[in-house]
Structures are given as C-alpha cells and as structure tokens.
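Q: Line by line, the protein sequences give chains Z and X.
If you're matching positions, the first sequence starts at 1 in this note's numbering and goes up one per residue.
If you're matching positions, the second sequence starts at 1 in this note's numbering and goes up one per residue.
Treat the hints with care, since some could be wrong.
[Said to hold, decoys possible] Straight-line alpha carbon distances no greater than 20 angstroms define the calculated DMTMM-like cross-link-like pairs of lysine to aspartate or glutamate that follow:
{"no.": "1", "chain 1": "X", "residue 1": "152", "chain 2": "Z", "residue 2": "60"}
{"no.": "2", "chain 1": "X", "residue 1": "152", "chain 2": "Z", "residue 2": "89"}
{"no.": "3", "chain 1": "Z", "residue 1": "108", "chain 2": "Z", "residue 2": "182"}
{"no.": "4", "chain 1": "X", "residue 1": "48", "chain 2": "X", "residue 2": "65"}
{"no.": "5", "chain 1": "Z", "residue 1": "152", "chain 2": "X", "residue 2": "210"}
{"no.": "6", "chain 1": "Z", "residue 1": "152", "chain 2": "X", "residue 2": "89"}
{"no.": "7", "chain 1": "X", "residue 1": "152", "chain 2": "X", "residue 2": "210"}
{"no.": "8", "chain 1": "X", "residue 1": "44", "chain 2": "Z", "residue 2": "235"}
It should be emphasised that the hints constitute simulated quantities derived from the structure, not laboratory data.
It should be emphasised that the depicted structure is a prediction, and the values quoted were computed from it without experimental measurement.
There are 2 protein chains.
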Amino acid sequence: MITSSSNARIKRVRALQTRRRARQRESAYVIEGVRLMREAVDAKAPFKLVLHTRQMREKEPRLLEMLSELSVEVHAVSDSVMHSCSDVDNPPGLLAVLSQTAVPLPPKLNLALIVDRLNNPGNLGTMLRSADAAGVQAVFLTGDTVDAYNPKVVRGAMGAHFRTPIVSTSVADLDEQLTGLETWLAEAKTGQPYDQVDWSRPTALMIGGEARGSSRQVRALASRSVHIPMRSGTESLNAAVAASVILFEITRQRGRR
Amino acid sequence: MITSSSNARIKRVRALQTRRRARQRESAYVIEGVRLMREAVDAKAPFKLVLHTRQMREKEPRLLEMLSELSVEVHAVSDSVMHSCSDVDNPPGLLAVLSQTAVPLPPKLNLALIVDRLNNPGNLGTMLRSADAAGVQAVFLTGDTVDAYNPKVVRGAMGAHFRTPIVSTSVADLDEQLTGLETWLAEAKTGQPYDQVDWSRPTALMIGGEARGSSRQVRALASRSVHIPMRSGTESLNAAVAASVILFEITRQRGRR
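If we strip away everything but chain Z, and leave its shape as in the complex, we get (with noise of 0.2 angstroms):
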C-alpha cells in the first residue's frame, strides 16, 4: 500500500492530471472512477497504472481482479495520497493511468466535428459525450482548444475517449482529412436555419469558441455556415449545446439508429 504522497507514481499521476505538457510528453492520461473505469476495460483501453483505496477493494472486488488480470501495474493507496493526486473534492477512490491511444479514424467519414478555440473544458468534454452519442465519426480539435485530455474534459465527455476518434491538428492536415466533406461552419446568426440544410451528404461540422469564435484560418476551411433560429432577442447557445442540436439534427435526418 502506497502512503506517501511523494513516492514516485504519485507525483507522477499528479503531473498528468495539472500539466497539459507531462501529459504529452508521456502520452498519457487520467480516469478516476467506476464507471469510466468499466467502460475502460469493455473497450479494451490501454492501461499503465490502477491505484485504489482500501475501500474500493471491498466495494468493487471483481472490477479489481479483472484489472490485475490485465497485468496492469495495480496498487493500493491510502486515502490522503487518494486525495493528493485525484482531480475531485471527494475522490471516488479508483484512478487509472491510460495511454493515450486514439480510437483510429474509419477509412471513410461521414461526418465529423472540428472544435475549433474552445478554452472550457466543460464544454469540450459535453460536447465530445454528445458527438459520441450523435454517431460522430471523428472530432478534430483545432487552435488552442482545451487538451481533450485534461481531466475535467475526460469526465465530462463519459467515454467517448474510448469510442470516438479525437484528434488534436494543425489546420493544413485537417484541410486533408476534410476531403470529400462538406464543411459547414455553425454561426449564432447567419447562414442557413440547421433543419432546412439537407444532411444526407457526408458532413463536417465547425464550431468555435464562445469567446472568440473560430479562427480565419479554420473559417476559411468550411464552404457554408448555418445557424439555430432563437426567440428574438437572445444572442446565442451555449457552444455545447449548439453542437448537439445540429449534430442530432443531422442524425434525425439520416434516420440511421
């Protein structure tokens, strides 16, 4: 049992859950809890480390073994070293260490989404959990967009790290991916209304940050733009949520469930 909050793994966790750079550099990310911890091992996740408390071994007894059986690296922790590398107030007590291994992209995409300069993490990881349940096929992260890693993307995006393609990319390689995409670019008030766009054709959605948009350079990459109707005199959605009701838009036209 590991109880010192300065023994190596520790610090070493605690890096990848603050900096976006020990993240990188190791190629690594962290989950925390039961359920994305179940999703983890269903989808075959890569596994570099599994800590727990003395708790979780009582409470989860079978979700343990099957991580030990996948001859991960398995320890337990007391609850302050718990608390010390874990990104919640109330630590659920079960943290994995994963690499990060992108879903790889289908050979041919249908439709996709690209975030471009989106900062809140929040928002990122609600929009990465409605991509996956939208059927996206691959989220493109342009800009300064959060690092989808970042831990309060991860929580918020509830496994679509273990589903969907996300991928972080420059502007020149996602005008390559774009290929054969018809690319609409999602605006608060211009363009055409999202339900009288026709879907069918293979489709990448932009959306940029709520603070500043998206850049000239991604703007340029998309043909046409389209927007929500609103009640006259409110500005515009949360970025997420615009996402999410083009996207299922988008689904409900194809028809395909």
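Since the structure of chain Z is provided, determine the placement of chain X on it from the hints.
A: Chain X only, in chain Z's frame:
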C-alpha cells in the same frame, strides 16, 4: 467611492452572492458584467444598487449614465472592494443588485419546461439559456433544484431571467399549472423517440437531474416519456443538452419563429 469591503452595502452584496437564504430574504440577486447589465436595462429589470470600478466609468460612460438616470443608487468602488463582492476571479468591474421579479406567466402556456432535482448551477444556467432561445414560455423548478438566482446560474443563463418566467414551485402547485398541457418526461432510454412525437399540442417537458433523475411525485405528473436515441454504448446526454435537443425539435416541428 467605497474603499472598504466591510461597508454595509458590500457585505450585503457578498451575502446575496453566496447565500440562497439571503437572496430569498431580500428577494434580490446579483448580476455582473456589461452585457447582462445592458440586457437588464433593456428589459426594464428592477435595479436596487449598481457598483462599478473607476475604469468602468471610463469604459462605459453612457451605460453608467443611463443607470444613474434610473434613479438607482450607483457607487464607484475600489478594485479590491469589487473583488471582495464579485463571484468571479476576474471581476468585470460592473455589478448590480436586482429584485427577484420574475417575468409574468402568459395566460395560456403552449410550451413549458419543468426541471426537477438539478443540482449543478452551470447545467441549470445552460438549460435556462436554451429554454429562452427556444421560446419556452415558463420554466418551473421543483425538488431541490439549485436556486435560479445563484450567481453561476444567472451567468450561464445569459439574460433568460429577463425574458422567460422562471418559477420555483411545489409539486402540488405545479399540478395546477400543467392543466391542459401534455406532460412528457425525458428519460435516458425509455418511451418514444423524441423525433417521432407529434409536438403540436401544448406541451410541458420534464427533465430530472443527472445524478438522481426526477422524483416519484414529479414523474407521476407526466403522462408519457420520451428519449433521444443514441449510438449504442453511450449512456446518456448532459441534462442541459438533452433538454435543448428536445426543445429545439419541438420548435422545429411547430415552425414558429
């Protein structure tokens, strides 16, 4: 200029920012920032007090003049005093206390939203913002749903408080309000697919909190349930997203914009 954060007015603002009880006792709440302030002025919201930094006087002289003309108490405060009574880390430098005067309910409801047991203020704020944009005519809050006048809710709602009736209510009173409305409970997996419901009749949509869903008493008021079909493997959507997707489908079907 107020330079002491133990000034009685400043203490009062701080209490309104942090304690639901204080807000209820005084039937008041706090808004911050130029944008919300403008919307409040446009909506003729009942101002009680305005505080601004010295820089704000230079940045927005006309807005501050307008506020003075409303015969509201307007005070300049030092930066540190503004900090001491702001709800955000980087205070915008403009803050007002308003009366909790809800927008009046229309005589006949055509679209209402019921939010039960939703604890997360960010989620409620986003939901109110969407409801406002979708043209919802009344939002009813039940159970221990977070206070609609919590500063995080107000910030996320982006002025919905000035345009949409928001009413905290008991289940018994709610029952009365719902006379003549078809009541639909949003669920994760059961009931009709949301896009196969005929939404032309007067409708109340019920959404429960993510953690615990809605209470038995509130569920009993719903005659049917509705869900958003999702890609297999995904569990649910963020509550504010789910509400938004269904509300905009209702608006889309009704074609009233």
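Q: Given the proposed pairing of residue 152(X) with residue 89(Z), does the C-alpha separation stay at or below 20 angstroms?
A: This hinted pair holds, its Cα atoms lying about 19 angstroms apart.
Q: CA of residue 152(Z) to CA of residue 210(X), is that 20 angstroms or under?
A: holds (17 angstroms)
Q: Could you grab the alpha-carbon distance between residue 44(X) and residue 235(Z) and see if it respects the 20 angstroms cut-off?
A: holds (18 angstroms)
Q: Run the distance test for residue 152(X) versus residue 210(X): straight-line Cα separation, threshold 20 angstroms.
A: holds (18 angstroms)
Q: Taken at face value, is the distance from the CA of residue 182(Z) to the CA of residue 108(Z) at most 20 angstroms?
A: holds (13 angstroms)
Q: Is it true that the CA of residue 152(Z) sits at most 20 angstroms from the CA of residue 89(X)?
A: It holds: about 19 angstroms lies between the C-alpha atoms, which stays within 20 angstroms.
Q: Is the hinted pair residue 48(X) and residue 65(X) satisfied, with a Cα-Cα distance of at most 20 angstroms?
A: holds (15 angstroms)
Q: Hint check: residue 152(X) vs residue 60(Z), CA-CA at most 20 angstroms. Holds or violated?
A: violated (36 angstroms)
Violation of the numbered hints given earlier is confined to hint 1; every other hint is satisfied by the structure.
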